Amino acid sequence: MTDHYDVAIVGGGPAGQAAALTLDDLKLKTVVIDEQPQAGGQILRQPPQSFRIPGWMEDRTYAPLVELLRRFEARTSIHWIGSHSVIGLRREPDGLFALTICSPDGLRSITAARVLIAAGCQDLAVPLPGWTLPGVYSAGGMQALLKAQRIVPGEQIVLAGTHPLQLLIAAQLVEAGGGVAAVLFSQPHGTMLKAGIRNSLRAFDRLSTAFPAVRALATLRKHGVKVLYNAPIQAICGTDRVAAVQHSGGEIACDAVGLCYGFVSQSSLPRMMSAKMRRAGPAGGWATLCDEWMQSSIQGLYVAGETTGVAGANAALASGNIAGFGIGAELGAISRDEAARRVARHRANRRSLLRFARLLDEIADPRPFFPALRDDTLVCRCEDVAFAQIGPVLDGRSANAVKLVTRCGMGLCQGRNCEPTLLRLLDNPNDPGFTARFPARPVPISDLAT
Amino acid sequence: MMRLDHGIERGRRIQIILDGERVDVFEGETLAAAMIEQSSAFRRDSNGMARGMFCNMGTCGECTVTLLPGGQRVRACLVPAQVGMDVTRD
Ligand SMILES: Cc1cc2nc3c(=O)[nH]c(=O)nc-3n(C[C@H](O)[C@H](O)[C@H](O)COP(=O)(O)OP(=O)(O)OC[C@H]3O[C@@H](n4cnc5c(N)ncnc54)[C@H](O)[C@@H]3O)c2cc1C
Ligand code: FES
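Taken in sequence, the protein lines are chains A and B. So the first sequence is residues 94 to 543, counted in our numbering. So the second sequence is residues 10 to 99, counted in our numbering.
Hints are all accurate, no fakes.
Anything over 12 Å on all C-beta distances counts as not near chain A; from chain B, calculated:
#, residue
1, Gln24
2, Ile25
3, Ile26
4, Asp28
5, Gly29
6, Glu30
7, Arg31
8, Val32
9, Asp33
10, Gly93
11, Thr97
12, Asp99
Simulated pairs of lysine to any residue, SDA-like, Cα-Cα distance not exceeding 25 Å:
#, chain 1, residue 1, chain 2, residue 2
13, A, Lys369, A, Gly188
14, A, Lys369, A, Thr193
15, A, Lys122, A, Ser428
16, A, Lys369, A, Leu189
17, A, Lys319, B, Arg12
18, A, Lys369, A, Asp524
19, A, Lys315, A, Leu239
20, A, Lys319, B, Met11
21, A, Lys315, B, Asp14
22, A, Lys369, A, Asn521
23, A, Lys315, B, Leu13
24, A, Lys315, B, Gly16
25, A, Lys120, A, Gln392
26, A, Lys120, A, Val159
27, A, Lys315, A, Arg153
28, A, Lys319, B, Leu13
29, A, Lys315, B, Met11
30, A, Lys120, A, Asp187
31, A, Lys315, B, Arg12
32, A, Lys315, B, His15
Because the hints were derived from the structure by calculation, they are not lab data. Here the structure is a predicted model, which is why all the values come from computation and not from measurement. For glycine and all other residues, C-beta sits at the position ideal for the given N, C-alpha and C.
Kindly generate the complete structure, drawing on both the sequences and the hints.
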């Protein structure tokens, strides 16, 4: 028997939680599926239930998100399926959506009248010489190790890139007792950066009031952490693990590196459904287009949060509410007029947050600062495809064609890491990128055969 | 790599098997967290270069390990450590 729901939500971050609570208020049978064991999303990645961490995310700027999470977790009428990846999404002949979900125990299928994809974003992967050495992490991943596992993955950590979030991550690391050797910004400490940082962090989330860049900078100064501008990272050195980074002004010894060039939307499921996408922001990636109710170009398929373009946790929360009411109205659980009235403040809120997000995009724009690739720099980490193999076949080819010739994009990550790099190298604004294929997440072949 | 201990209770110490060796880990921490405690290097790539985890959020697949005896390939950054788990990096 396949379980059936009125609404299936992919992703238990702020967007998915807000939508689920709205839909549950409207008495619609709702399931939320997430590959993490617990709800929270990237911003509130929760520690294991066996941990006790007094003061976890207690800072008042996280309060609205933590409150949302606690309400979501307390609402037993919302069906939660954690530790399951959604690997397939398709429309059945009867119009229902079928989702294939996967765990170490195998595959199963659920159906739903409407689907909301609130799958969040990931760090933009930026190749540079040495970036595949053990000890190099995406900065968000490093932050999640700290938040949820209480692990600091080094004693002399370097954060490098163009995104101001690295200041906050560095400050969180040193405040937790970790050692940060330096924070390297590729861009110069221009007037724009100075003027923009405070606003930009407000845009990214409400960390701003407690952790404005100014306060993060003060924390870093107190701990003697160097923050260098106009110091683009050029290479990471080491044999079996990270030993140093080279930047334009010299070399810094370190034992871990967090790369922080911004975030790109998760797009595999909407692309699998052939929803209309747009090239998103300066960091690259694909955002799913949607209408004022967060419905994608596919009837009945809704999107919310970072899936629609990276704008931070509070914008995700607002869009989740809008999507909830949009789906509720479509399913007849609330009148369109009443729904419009209820979403008005979420729309206004989201609009202003999106303005800040654009400012942040501008400040963090990585495009002028992508490190030069060497012949042996891996562009595709999964299939070990080096720049030397890709460079000669770029001419006039599509991303799909380069993938066929080189295997770039054929590995476990399904091109999530290498696609932005390849599209950048191809420099063709009309290239639609890799064709999204089933499964959206790696699955053992044996499961697919059964 | 350091596990912070200031003011934190991590739950039970348990043992799992990692590449045939018994290792002490904390119940519920991710397999990836338990693995970087041993070494930041998880595997060798086709060029013989050491590789470790990267994204810590399930998108890159760099932390993929095999659970025995079933042989399931899982992303270690998503899977909590539980008593008796037998994990191999091959
Ligand atoms: C590693 C990381 C750290 C971040 N840290 C911060 C921060 O400190 N401050 C900040 O303001 N912003 C941070 N961000 C940005 C952050 O994404 C947003 O602020 C916020 O979490 C967005 O909410 P969301 O609901 O759109 O998505 P998320 O919170 O990302 O939630 C999406 C959820 O969907 C799940 N998911 C995705 N695809 C699938 C699938 N196929 N199957 C099953 N589940 C799936 C994910 O596991 C995730 O839990 C971070 C982003 C990343 C990637
Ligand atoms: S480290 Fe990327 S999937 Fe686990």
